[in-house]
Structure formats: structure tokens, C-alpha cells
Amino acid sequence: EIEISDSTLDYFVQRTIENSKKDKSYENYLNQAGSEDKLVENFRKGVFDEIKKTRFIHEIASKEGFEAEEEEIEAIAEEMAPYWGISADRAREMVSTREDVRSDIVSTIIRNKVLDAVVEKASISEMEPQSEEEQQEAVDLHEDSSQD
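When we follow the numbering used here, the leftmost residue of the sequence shown carries the number 6, and every step to the right adds one.
Rather than coming from a laboratory, the hints here were simulated on the basis of the structure.
Check before you lean on any hint, since a few could be wrong.
[To be verified] The list that follows gives simulated cross-link-like pairs (lysine-lysine, DSSO-like), each with its CA atoms no further than 27 Å apart:
no.: 1; residue 1: K57; residue 2: K118
no.: 2; residue 1: K118; residue 2: K29
no.: 3; residue 1: K43; residue 2: K29
no.: 4; residue 1: K50; residue 2: K118
no.: 5; residue 1: K68; residue 2: K57
no.: 6; residue 1: K27; residue 2: K68
Predicted, not measured: the structure shown is a model, and the values here were computed from it.
Make a model of the complete structure from these sequences and hints.
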């Protein structure tokens with residue numbers, strides 16, 4: 006469990022609202038939410054969940070010593086080059102000169118390593134499908150525990 010100050014959450018919610026207005030998705034989100042208060046509540050929950058995921062990934066990556074090697078960064082750049090509409094050489098150059106692009110690729114590599122490690126350590130077992138009543142009980146239990 007992590008603690009995040011209200012001011013930090015408010016800052017990220019405000020940035021999310023500003024970004025949604027820039028990419029013209031704000032009105033759509035507002036219509037789906039039904040009210041501005043509900044939209045802010047939805048964004049707040051989304052921001053909090055994203056911060057928790059990012060923190061989890063960072064904690065595991067740090068504990069396991071995961072890093073992005075230069076060869077991995079260049080390989081991703083080469084893989085992305087056709088999607089970016091540039092040559093592999095230009096993509097490698099871009100990764101070395103643009104910190105934002107490099108940072109995104111490094112984050113992707115580390116996130117993938119963490120996810121691979123989690124999946125590798127997870128135990129998966131088949132379960133019988135739950136009845137609707139059992140599913141609702143699980144949802145209720147989850148909602149009760151997340152409100153604490």
C-alpha cells in the first residue's frame with residue numbers, strides 16, 4: 006500500500022484533464038462520466054492506479070536489478086522505425102539524441118522484464134467458473150477492501 010498526497014493526485018488529475026482537452030477527448034470522457042465531479046473522480050482513481058503500477062514496476066525492477074541494455078534499446082528503436090516512418094539508422098540516432106524517446110523505450114524494456122519475471126513466478130491453476138452470486142461477492146469484497 007502506498008500513500009500519495011491529495012496535492013500530488015490533484016496535480017496529476019489536472020494534467021490528465023489538460024491533456025484530454027488538448028487531444029480533444031475531454032468532452033467524450035465528460036459525456037461518459039455524466040458530470041465533471043464524476044469525471045474528476047474517475048481520473049483520480051486512474052491516476053492513483055497508474056502511480057501504484059509504476060511504483061510496483063520500479064520496486065521490482067530495483068529489487069531484481071533490471072536495467073535496459075544499449076543493445077535492447079537499439080533493437081526496439083529498429084523495430085519501431087517502420088512505425089515512425091524512418092530508417093533504422095535514423096531511429097537509433099533519435100534514441101541517442103532525444104531523451105523523451107529513449108526514456109519511453111527504457112521504461113518499456115524494464116516494464117516488460119518485470120512482467121516476464123512476475124509471470125514466470127506466478128502459479129496458474131484452473132478453476133471452476135464462479136456463479137454470478139460468487140462473482141458479486143468477490144466484487145463486493147474487493148470494493149470493501151479498497152475503501153480502507
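A quick look at each hint next to the structure:
{"no.": "1", "hint": "K57 with K118", "in the structure": "holds (17 Å)"}
{"no.": "2", "hint": "K118 with K29", "in the structure": "violated (34 Å)"}
{"no.": "3", "hint": "K43 with K29", "in the structure": "holds (19 Å)"}
{"no.": "4", "hint": "K50 with K118", "in the structure": "holds (26 Å)"}
{"no.": "5", "hint": "K68 with K57", "in the structure": "holds (16 Å)"}
{"no.": "6", "hint": "K27 with K68", "in the structure": "violated (37 Å)"}
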